[in-house]
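Going down the list, the sequences are from chains A and B.
Here the working numbering is used: the first sequence runs in plain steps of one and ends on residue 750.
Here the working numbering is used: the second sequence runs in plain steps of one and ends on residue 115.
Don't take every hint at face value.
Each computed EDC-like pair below joins lysine to aspartate or glutamate, with the alpha-carbon atoms no more than 20 Å apart [stated by the list, open to error]: (1) Lys70(B) x Asp622(A); (2) Lys25(B) x Glu657(A); (3) Lys551(A) x Asp675(A); (4) Lys609(A) x Asp53(B); (5) Lys538(A) x Glu657(A); (6) Lys625(A) x Glu657(A); (7) Lys25(B) x Asp706(A); (8) Lys609(A) x Glu631(A); (9) Lys625(A) x Asp53(B); (10) Lys89(B) x Asp603(A); (11) Lys609(A) x Asp706(A); (12) Lys14(B) x Glu631(A); (13) Lys90(B) x Asp706(A); (14) Lys89(B) x Glu631(A); (15) Lys538(A) x Asp622(A); (16) Lys628(A) x Asp53(B).
Worth flagging that the hints you see were computed from the coordinates, not collected in a lab.
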Amino acid sequence: MDKHKLIVDSVVVRFGDKTVLSGGYITSETGMVTGLLGRNGAGKSCMFRALMGGLRVENVMVSIDGLPVDRQFIGKSIKYLPQGRLLPDSIKLRKAFELYGVSYWSFVNLFPKYSRFHDSYIWELSGGEARLAELYMVLQSDAKFYILDEPFAQIDPISIGAVQQLIRERSRDHGIIVTDHNYDAISAVADNLFVIADGYTSPVHSRDDLVRHGYLR
Amino acid sequence: MLKERIYLTWSYGKVQFLVGAVYNIMCAQLLASSFFYPILVDAFILKVLIYAVTLYLVKQLRGRDALFFYINLGLSPKKLQLSVLLIDFLSLAILLAAVVLLHG
């Protein structure tokens, strides 16, 4: 198994006078799940959108194995599941899986109820159903790293276990970064944690760190 | 690979292609029925305006995260948008050139 290391550093995001991130930093390694926590508006999604090239930012440095990443082709190394709807309305579910090089039927084996959505558009699914399909598609596609922005949102409690299992399995030979407000769900899968507060990222070693950064009481 | 690229360009710019096609056909028909050269210039000026309005509406209506579907596939949304623009304008140019040639 090839080991890879992703470093995202010096992320600066400003919207007008408001500085969202002044020193965003996160790292990920093959074989590890990194959790990123932060309150609403702390800049978690901004950091991911910035590193994927979906947000114009003042500064962002992305490197894999010490080499800077050409962000025009970043999707070949890093797959990102955004907070909102990933699949465009005009693409059928099976076609989207095909484009991502993922077998739709292996997904159906895991979640049999999706057999009837084979020929459906994403808007024909409920929010939770769509989220699970997108999550599986992203996690099973070819990449060195996966970034999952609130993967547990909208997913029913029974499926959360299956998603955690999937994340653990994929983390054996990939690096995964996860952010979510479901602290218990994240801490159950994460090997290390970071928190974003006041525009900066800090490592979390204990629950007290989260209290100190105002994430927990 | 090329087939996929064409499909993704089509899915990215579907609305713009459809609006563009209707406009292009209307222009060609107008030029064919009342042939005179100044229409050619007007057609392209109006095309730019319609393109800008359609682009604005598509950006507003498209989910803000849908562009990551393409980024994940290693495609740049800017390049996709440029491809849509080129195809749309090129098809108008070809259509109008065909009408001009047919009218001698």
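Cross-check of the supplied hints:
no., hint, result
1, Lys70(B) x Asp622(A), "holds, 13 Å"
2, Lys25(B) x Glu657(A), "holds, 19 Å"
3, Lys551(A) x Asp675(A), "violated, 37 Å"
4, Lys609(A) x Asp53(B), "violated, 43 Å"
5, Lys538(A) x Glu657(A), "violated, 38 Å"
6, Lys625(A) x Glu657(A), "holds, 10 Å"
7, Lys25(B) x Asp706(A), "violated, 37 Å"
8, Lys609(A) x Glu631(A), "holds, 16 Å"
9, Lys625(A) x Asp53(B), "violated, 39 Å"
10, Lys89(B) x Asp603(A), "holds, 15 Å"
11, Lys609(A) x Asp706(A), "holds, 16 Å"
12, Lys14(B) x Glu631(A), "holds, 13 Å"
13, Lys90(B) x Asp706(A), "violated, 32 Å"
14, Lys89(B) x Glu631(A), "violated, 23 Å"
15, Lys538(A) x Asp622(A), "violated, 34 Å"
16, Lys628(A) x Asp53(B), "violated, 40 Å"
Hint check: violations occur at hints 3, 4, 5, 7, 9, 13, 14, 15 and 16; the rest are consistent with the structure.
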